[in-house]
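Participant: Protein chains in written order, with our numbering: chain A, 1 to 106; chain B, 1 to 320.
Calculated from the structure, these hints are not laboratory results.
Do not rely on the hints blindly, as some may be mistaken.
[What the hints assert, rightly or not] When the alpha-carbon atoms are kept at most 20 Å apart in a straight line, the in silico EDC-like pairs for lysine to aspartate or glutamate are as follows: (1) A/Lys68 - B/Asp48; (2) A/Lys97 - A/Asp33; (3) B/Lys274 - B/Asp150; (4) B/Lys274 - B/Asp284; (5) A/Lys68 - B/Asp212; (6) B/Lys24 - B/Asp77; (7) A/Lys95 - B/Asp77.
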Amino acid sequence: MMQPLLDVLSWICLLGGAIFLLIGAIGVLRFPDFYTRLHAVSVCDTLGAGLVLVGLMFQGGLSLVTVKLLLIFYFMMFSGPTAVHALAQAALQSKLKPVVDDRESQ
Amino acid sequence: MEHLIDIVLLGLLMITGFAIVRMKSLLAVAMLTSIYSLLSASLFVVLDAVDVALTEAAIGAGISTILMLATVALTSDREKTSQHTPLLPLAVVTVTGAALIYGTLDMPHYGDPAAPVHQQAASAYLHDTPAEIGVPNVVTSVLASYRGYDTLGEVTVIFTAGAGVLALLGYRTRRRNIEGPGIRKLVVLRVIAKLFFPLILLFALYVLFHGDYGPGGGFQAGVIFATGFILYALAFGLGNAQRVIPQPLLRIMAAVGVLIYAAVGIEGILLGGKFLEYGVLADDPVTGQHLGIMLIELGVGITVAAVMLIIYYSFVSRRD
Chain A
1 MMQPLLDVLS WICLLGGAIF LLIGAIGVLR FPDFYTRLHA VSVCDTLGAG LVLVGLMFQG
61 GLSLVTVKLL LIFYFMMFSG PTAVHALAQA ALQSKLKPVV DDRESQ
Chain B
1 MEHLIDIVLL GLLMITGFAI VRMKSLLAVA MLTSIYSLLS ASLFVVLDAV DVALTEAAIG
61 AGISTILMLA TVALTSDREK TSQHTPLLPL AVVTVTGAAL IYGTLDMPHY GDPAAPVHQQ
121 AASAYLHDTP AEIGVPNVVT SVLASYRGYD TLGEVTVIFT AGAGVLALLG YRTRRRNIEG
181 PGIRKLVVLR VIAKLFFPLI LLFALYVLFH GDYGPGGGFQ AGVIFATGFI LYALAFGLGN
241 AQRVIPQPLL RIMAAVGVLI YAAVGIEGIL LGGKFLEYGV LADDPVTGQH LGIMLIELGV
301 GITVAAVMLI IYYSFVSRRD
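Okay, chain A solo, but in the shape it has when bound:
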């Protein structure tokens, strides 16, 4: 009874994560400048990788594997956004200008 339900939940999470990762990759290719690309990567990667890990946790069941996956999950939740934040700060400090749409102001 439990196993099919867990499988369905796991697959929903895995596919959802994959879709978010794909959207993030498309964002990196399509967005115009560094900051928007970084935005695409950070948001989609954190959510996508997190969902993949949750999906794997459903597969792992109540075991040591799930605990390890949970630790990786926490690690990614902290490290991903921090790395992107540091990158954006570094870009700002080296005076990289964001691309701004100034058609409205004219």
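We have chain A; now place chain B onto it with these hints.
Facilitator: Structure of chain B alone, referenced to chain A:
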């Protein structure tokens, strides 16, 4: 299904390789090399070589990228345009590659159970390890016990590399902590680095002492340990990191690790066995093996961590 994963990973590996060759910006090349290592690590996982994968991920994708970036920061991040024609190198590479591919024709097929490597030493190791050494991870038993001489040689090579970097680059002690103008702003980075620093060290110790049971061992643990300090140095400045773990201490640590390893070997002789025979270290041979492996892994870890930090310190302290 597994073949599909192999093909995708190998394809990505090839694309990354071509991108590295074509790229002119050395900064991008350093990052691509890191991706290349990560892909290789994934391939090793597919091949069930998790110990090698952990090493590749920690060393190839982790610390060597940092060292390459440090080098790029010291020099220039543009590749020099070469003057000579690429025809001769191309011919050499083509001939060598063709010879190598010709050589693979004689090799047994991938996963062939009749291959010589599965017939002789490997099956003996797999068969004897539970009784002789009693360690679940056969890789550790081969690396640390059956092939103890080789590993001692490897540790000596790493020690020599550290000594070579010190001899070539020298070292300048930072009197005070020089910070870039912007580093004070990185509050988020500092908080997270402070949060992660103890966890990374804890994980390194786990990898070190859990190497008998799972993937891991002295080499990986040493690199992870060094990475923790490099993260600290990145977030808080080199001067603060050197206050925690100063350069003279590192030089002693690098030697102490190799000495621990050799001392375990000599202890074996003194107790009536052969060099690096762990069985005589305790009353029970299996307990002796456990003890010996634990001690030499500790020695390997200390040397690797110290040498990695020596190299990092030497590179970064030259910057200004």
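Participant: Each hint should be assessed against the structure and marked as holding or not.
Facilitator: For each hint, the structure was consulted:
1. Of the supplied pair hints, the one linking A/Lys68 and B/Asp48 holds, its CA atoms being roughly 19 Å apart against a limit of 20 Å.
2. This hinted pair checks out: A/Lys97 and A/Asp33 have alpha carbons roughly 9 Å apart, not beyond 20 Å.
3. A distance of roughly 15 Å separates the Cα atoms of B/Lys274 and B/Asp150; the hinted pair therefore holds under the 20 Å criterion.
4. About 16 Å separates the Cα atoms of B/Lys274 and B/Asp284, which keeps this hinted pair within 20 Å; it holds.
5. Between A/Lys68 and B/Asp212 the CA atoms are separated by roughly 18 Å; this keeps the pair inside 20 Å, and the hint holds.
6. Annotation: proposed proximity of B/Lys24 to B/Asp77 holds, straight-line Cα distance about 9 Å (limit 20 Å).
7. With a CA separation close to 18 Å, the supplied pair A/Lys95 and B/Asp77 stays within the 20 Å bound.
Against the hints set out earlier in the document, no violation occurs for any number.
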